[in-house]
Amino acid sequence: MKQTRTDIMGMPITVEVVGEHVPAEHFDAVFAYFEAVDARFSTYKNGSEITRINRGEISKPKQSPEMREVFALAEKTKEEANGYFDIRNPDGLLDPSGIVKGWAIHKAANLLEKRGVKNFYIDAGGDIEARGMNDENLPWKIGIRNPFKPAEIVKNVQLSNAGIATSGTYIRGFHIYDPRSPDTVLDEIVSISVIGPNIYEADRFATAAFAMGRQGILFIESLDGLEGYSIDAYGQATYTSNFNNYVI
Amino acid sequence: MKNKAKKYVASVSLVALFGIYSIYQNLPDNSSATYAAAPVSYNAPVTKSSTGQLAIAETTTTTPARTISSPTKRSSPSTVHRVSPLASSYKDGVYTGISADAYYGNVQVQITVQGGVVTDVTAIQSPDTHSRSLAINSRALPMLRSEAITAQNARINAVSGATYTSAAYKESIASALSQATA
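In order, the protein sequences belong to chains Y and D. With positions in the first sequence counted from 1, the corresponding number in this note's numbering is that position plus 12. With positions in the second sequence counted from 1, the corresponding number in this note's numbering is that position plus 394.
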């Protein structure tokens with residue numbers, strides 16, 4: 013059984029659970045969790061905790077445990093990614109969305125497993141955590157989208173108890189400039205997909221690796237337990253040494 | 395009601411723009427979109443130069459070989475592209491779209507209309523890039539591999555991709571286009 017919602021966090025969220033008679037409350041619990049995360053972490057909501065922190069209305073000691081956890085994880089990621097990951101925008105405001113998505117999907121997957129659900133995946137905007145097996149009792153089959161033709165798949169991987177995240181841009185042909193360095197054209201790497209032990213790990217490192225451009229795939233290669241597949245502006249893919257272990 | 399109509403015009407224009415763009419992309423002389431190059435496969439040992447920059451030494455390659463360490467020098471970015479022959483006519487000018495939420499950050503585009511057609515789309519804000527130096531602790535002899543991407547036909551359960559980023563760009567482009575039709 014599968015349910016999709018498109019009204020949370022500005023992206024489609026799909027939950028698929030193997031089985032014919034999955035109680036609706038399992039789906040409801042997952043979507044309610046994402047709604048709560050959105051309400052707390054959205055920088056586009058006036059009353060969210062993150063917006064209020066950015067307005068100086070909530071002092072450090074009064075931040076929620078969830079907010080502190082995310083800030084700590086963002087700091088850790090910043091160090092591990094050699095500064096290529098930063099939730100502080102150039103304008104000085106905090107925007108933890110780069111870490112919240114993967115973190116929330118992983119937490120939602122834990123929540124579902126605690127309810128006794130074993131075989132499922134959660135997909136939020138193309139970032140996926142897969143647990144157990146699919147309806148054929150095989151690992152979940154996940155396609156990597158062609159950044160030049162969104163309806164096309166360029167790679168199929170199988171995942172069980174793992175996560176896959178893709179970071180990139182699908183606008184092609186138009187020049188994308190680095191706003192801080194207007195002479196640099198950002199069309200070298202158009203997408204990078206990262207597979208990790210869970211979606212939290214895959215997502216945060218996919219984000220950092222994409223910001224590194226061509227060096228990003230080397231960064232993924234340097235990390236244990238992570239594999240990556242990057243695609244450049246010419247449609248040439250470069251992938252890590254053990255990526256093929258996941259390829260169907 | 396007027397807003398709805400505007401939105402409709404913007405969406406239709408956007409669909410048209412992307413449609414024309416995809417045709418444009420498939421034109422044979424557009425080198426950046428030709429990715430059906432002969433498959434290239436090589437094992438590339440990574441070495442670290444004295445400057446700390448990582449480089450990839452190519453060992454074996456088949457023809458149109460591309461090293462991934464040395465970005466191909468291309469003609470300097472031009473601000474005016476091939477003119478898209480859009481059916482509808484826009485008012486000349488430069489229009490800035492809204493800053494749209496790409497979740498990892500904001501994206502914002504600027505479009506240029508010349509002679510009633512869109513001649514350029516530039517991202518003036520995009521959700522990535524830090525320009526600090528990169529130091530990587532390479533695990534022993536990393537072996538990257540390379541291939542030309544090819545379409546796959548297997549039955550799959552789900553798809554990984556950065557769809558919402560694209561949605562944010564579209565949103566920003568749509569808002570810029572709606573100003574050009576106003």
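Read the hints as simulated data drawn from the structure, not as lab findings. Ideal Cβ positions, reconstructed from N, Cα and C, are used throughout, including at glycine. Worth double-checking, as some hints may not be accurate.
As the list claims (entries may be wrong) - For the chain Y half of the interface with chain D, some residues (derived, Cβ under 7 Å), not all of them:
1) F39
2) L85
3) K88
4) G138
5) L150
6) S172
7) N173
8) I176
9) T178
10) V259
Hint by hint, here is what the structure shows:
no.	hint	verdict
1	F39	violated (16 Å)
2	L85	violated (15 Å)
3	K88	violated (16 Å)
4	G138	holds (4 Å)
5	L150	violated (10 Å)
6	S172	violated (11 Å)
7	N173	violated (15 Å)
8	I176	holds (5 Å)
9	T178	holds (5 Å)
10	V259	violated (10 Å)
Comparing the model with each numbered hint stated earlier shows that hints 1, 2, 3, 5, 6, 7, 10 do not hold.
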